[in-house]
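Peer 1: Protein chains in written order, with the numbering used here: chain A, 29 to 205; chain B, 16 to 818.
Keep in mind that the hints were calculated from the coordinates and are not lab data.
Check each hint, because a few of them may be wrong.
What the hints assert, rightly or not - Taking lysine to aspartate or glutamate pairs in the DMTMM-like style, the calculated list, with each CA pair at most 20 Å apart, reads:
id, chain 1, residue 1, chain 2, residue 2
1, B, Lys561, B, Asp343
2, B, Lys602, B, Glu154
3, B, Lys275, B, Asp343
4, B, Lys333, B, Glu347
5, B, Lys636, B, Glu618
6, B, Lys484, B, Glu495
7, B, Lys481, B, Glu529
8, A, Lys78, B, Asp151
9, B, Lys333, B, Glu320
10, B, Lys371, A, Glu117
11, A, Lys97, A, Glu51
12, B, Lys484, A, Glu51
13, A, Lys78, B, Glu732
14, A, Lys78, B, Glu489
15, A, Lys122, B, Glu59
16, B, Lys34, B, Glu59
17, A, Lys78, B, Glu327
18, A, Lys122, B, Glu154
19, B, Lys407, B, Asp493
20, A, Lys122, B, Glu327
21, A, Lys78, B, Asp493
22, A, Lys78, B, Asp451
23, B, Lys20, B, Glu31
24, A, Lys78, B, Asp343
25, B, Lys371, A, Glu124
26, B, Lys76, B, Glu154
27, B, Lys97, B, Glu31
28, A, Lys122, B, Asp460
29, B, Lys333, B, Glu254
Each chain is listed here by its residues.
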Amino acid sequence: MEGESRMEHEKERETSEATFTDEIRRRLGGETIALCYQCGTCASSCPVAKVTERYNPRDVIRLSLLEQKKEVLSGSAIWLCSSCYNCQERCPQKVEIADVIYALRNIAIEEGYIPNIYSEFANGLMNEGRIVPISKFVEKKRPEYGLPQLRTAGLAALKKILATTGFDKIQWKKEGP
Amino acid sequence: MKEAKIGVFLSDCGGELAKILNFDAITSFVKQLSSVTLVAKGNEFWRGEGLKTITDAVKTKKINRVVVAETLPKLSEVSIVKAAEKAGLNPYLVEVIDLKDHCGWPHRDTPSEATEKAKAMLLAAIERAKLLEPIDKVEFPAVKSVLVIGGGIAGMQAAEDLADLGFKVHLVEKTPFLGGLAARAGRFFPTDDCAICIQSPASDVKTVTHTSRKCVYRSGFSEIPNLNIMTNSKVVNVEGVPGNYKITVEKKPRYVNETKCVGCDLCATVCPVEVPDEYNAKLKKRKAIYMNLPAVYPPVYVIDESICKFHECAKCVKICPTKAVELDQKSEKITLNVGGIIIATGFQEYDPSVIKEYHYGEYPDIITNLELARMIDSFGPTGGKIVRPSTKEPAKRIVIVQCVGSRDRRWNPWCSSICCMISLKHATLIKSAHPDADVTICYIDIRTTGREHEYYYERARDMGVKFVKGRPAEISHDPEANLLIVDVEDEILHRLLELEADLVVLATSMVPSEDAKELAKILSVELDQDGFFKEYNAKLRPTETKLKGVFLCGGATFPKDAPTTSLHAHSAAVKAAKFLSAEKIVKDQRTAVVNEDYCGDCEFCPVTCPYGAISLVSNDKEHFVAQVSDLLCEGCGICVGTCPLNAIELRHSRSNQMSAQMKGLLSVNGTAKPLILALCCSECGHAAVDSSGMAMMQYPANVRVMKVPCTGILRVEQFLEAFKAGAQGVMVVGCKNDGCHYEVGSQKAQKKVDLAKVLLKEYGIEPERLEMFHMVFIEGDKFAEAAQMMTEKLEKLGPLQLM
């Protein structure tokens, strides 16, 4: 029965509606989230949290583990991480915090919670081959500093890559609430 | 062997069981079996008149084998076997089965099928009884002497107990002084008095009562009769067997004669070599000739040979008034003969310098809890003052950081369990002495689980100690202001704080003693995943190891506070005393025995035996054969299940005995359902069957239970044999995978079941006819459910087709 009932239990887990925590844990980068014991090392290590109250990595993890999916995905917090990995280096439970944030961003994009700025980035990339458009000002200033003119992006090659990875299939236009 | 004359005794449980089972049919079935010379029926046979019927029959030599169908698991067996032995029968010629809990109760809805099963159970017991052989007892010497390794409070208390009980005790301490961590800690919670205070020995004539306690230096500890204290010494080799070990101890030179030194301190005064005193948190210097503290045992100076200039200087030799300094002392090897060993090597503080963000070792004003303890101690380097090591000025703002290196999967994942209380103790001691000091404790969780411990926490808050819930990310240093800054999130306020501090104290993790590994190797005992010494059973045998004769106590198994260490030490002493007090070890030979004609040159059994009971010895024909130590063998049979040549057997579960039992169980059918053989280990598996019956859980009577010592004894061919003997399905029921009473038996059985499934498939037999189950006694429902499920599955599969 041991083996059998365990299998049944596993099956049940797979087929029943997965919790938000499960969803994160199944993602690349999200595997370690449930190890968090809320010590706050990440928060006091975070350079972003030092300057704004809008982002606290401990809060993001706490809300996720408490299944507050909508609050986490629709909020601005997950987009504010600067990926310095300080938190991840110092986490005593080896929670891969910065990677968890990436996993959350991926889920958010799939669910259509995309901040305007990222839609703009994506469109820039797909249409002009650049995330940040080159301004007239920059073009004018570069020679003054002895810098060469920027080369044009290889748009055809880039489009091929974006198509292969499925990047261009994402509904970038749909804006988050 | 004498011809078997079997007496069969059938209990009907005061008539209750007879309401289900047809005892007339059972009796006439048993009577016609060969070798059965006596059949008796009664209310009960495990006590009173019933038991007398058995013993009378034994005494009058009417019978020389006893089979009893009783109605009480285990208890009845113990009582009957003891009585039979008293009446003159070898106790291993008695077979007891339980017709109530294994047959009547669980099959009460199908009485005729139950009756047939009862016949099968009796047939199996009788067939087995025919083949049983008498088993003798053997005696081994036990030296009434114990080696205690480690002179901290655990070792000292265990040594004292045993010496008081009349054992010769050798207490070996690797450092030059007794006291261990306790001596450095100064004070202990929850009493806040001297850490080094222990119970006075019984031999202390001046002690008012036996429960008086005194500090170890004044208690007369060293004067306890039978106690031999060896400091500056190390166990380097252990030979022999439980009860009779030969120990080699290396005693390092002290360079000061213990019988001459009067502790006058003149030597240290003239000694020109000075080093930072590690013992005292490097807050002061010590000489090459030194004592740790003014009050130590032995009260004798020691020379640090790594720094002494010896004959180049020899100022101490010249000044010593008693000529005690002996620079030419050499290390010596001492041999001891002991019966038992107690490991009391304690734990130690982790070096937190690996945690780079806390900068320990870089900024001098960051110290550990043990270093703070040295400051608080009035014997310590600062005379009890709390100072900043960088300036020696008083520290006013103190931040204590909890869980440094503990509960940290990067370093030590365990909770060190005592650091919360240590920090609370330190915070309150500082606050009592300096009420104006600002003390903050940064914590993840405050754990005060012991008796009175929560009051400590309460008192700390009452005294004004501040608590910040949050684990600091970094400790930095402002060189201009010479300040430390602790970055921490106050989770409750949801605010990032930068705490300024004069002194930061790290509540550092407690880790296994540095020579645990080496000692474990010398003694052949196991360490756990974290490197602490592993006990035999965490719940029931916390101070024993898997090796008989080797015991454990104190922090060697895990960080412990003083009260728990005392308990542990007394427990280890009792266990060692129990083991050795008779001065002999009596064991029955219910052990493995090797057939040397078959055995040869493979190493499976010695490697597999969980108790190290099997060794390979050379026989005359230049081959190696296995040899079993009757002293070490626990009779589990895991070796039997491992031997590829069937060259090893258990005297009480030989192959032919098991086959006969199996055939008996499967040769009486009486049910339309497919016969299932349930091979249950004698520990949890069989107990789960007991408990399902006792709770009257129902499962079909086609399930036939056969008890084996441990499922580890089973061989793949026995599963095949069961199918051949008529089983349609086979259940193997063992202990939990991680809870086998013989360590690895149920894991081995699981592997064999998996292998057998592959073979069955090859033979064209559905592999799901064989299943392994793991359960404990209280999971009777699990057994009943498994038996039911297995039956339904086999019914679906249809009859077994053997090629």
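Peer 1: Confirm or reject each hint.
Peer 2: Hint by hint, here is what the structure shows:
{"no.": "1", "hint": "B/Lys561 to B/Asp343", "verdict": "violated (43 Å)"}
{"no.": "2", "hint": "B/Lys602 to B/Glu154", "verdict": "holds (6 Å)"}
{"no.": "3", "hint": "B/Lys275 to B/Asp343", "verdict": "holds (15 Å)"}
{"no.": "4", "hint": "B/Lys333 to B/Glu347", "verdict": "violated (25 Å)"}
{"no.": "5", "hint": "B/Lys636 to B/Glu618", "verdict": "holds (17 Å)"}
{"no.": "6", "hint": "B/Lys484 to B/Glu495", "verdict": "violated (29 Å)"}
{"no.": "7", "hint": "B/Lys481 to B/Glu529", "verdict": "violated (35 Å)"}
{"no.": "8", "hint": "A/Lys78 to B/Asp151", "verdict": "violated (77 Å)"}
{"no.": "9", "hint": "B/Lys333 to B/Glu320", "verdict": "holds (18 Å)"}
{"no.": "10", "hint": "B/Lys371 to A/Glu117", "verdict": "holds (11 Å)"}
{"no.": "11", "hint": "A/Lys97 to A/Glu51", "verdict": "holds (10 Å)"}
{"no.": "12", "hint": "B/Lys484 to A/Glu51", "verdict": "violated (30 Å)"}
{"no.": "13", "hint": "A/Lys78 to B/Glu732", "verdict": "violated (69 Å)"}
{"no.": "14", "hint": "A/Lys78 to B/Glu489", "verdict": "holds (13 Å)"}
{"no.": "15", "hint": "A/Lys122 to B/Glu59", "verdict": "violated (62 Å)"}
{"no.": "16", "hint": "B/Lys34 to B/Glu59", "verdict": "holds (16 Å)"}
{"no.": "17", "hint": "A/Lys78 to B/Glu327", "verdict": "violated (61 Å)"}
{"no.": "18", "hint": "A/Lys122 to B/Glu154", "verdict": "violated (54 Å)"}
{"no.": "19", "hint": "B/Lys407 to B/Asp493", "verdict": "holds (18 Å)"}
{"no.": "20", "hint": "A/Lys122 to B/Glu327", "verdict": "violated (54 Å)"}
{"no.": "21", "hint": "A/Lys78 to B/Asp493", "verdict": "holds (19 Å)"}
{"no.": "22", "hint": "A/Lys78 to B/Asp451", "verdict": "violated (31 Å)"}
{"no.": "23", "hint": "B/Lys20 to B/Glu31", "verdict": "violated (29 Å)"}
{"no.": "24", "hint": "A/Lys78 to B/Asp343", "verdict": "violated (64 Å)"}
{"no.": "25", "hint": "B/Lys371 to A/Glu124", "verdict": "holds (19 Å)"}
{"no.": "26", "hint": "B/Lys76 to B/Glu154", "verdict": "violated (28 Å)"}
{"no.": "27", "hint": "B/Lys97 to B/Glu31", "verdict": "violated (26 Å)"}
{"no.": "28", "hint": "A/Lys122 to B/Asp460", "verdict": "holds (18 Å)"}
{"no.": "29", "hint": "B/Lys333 to B/Glu254", "verdict": "violated (43 Å)"}
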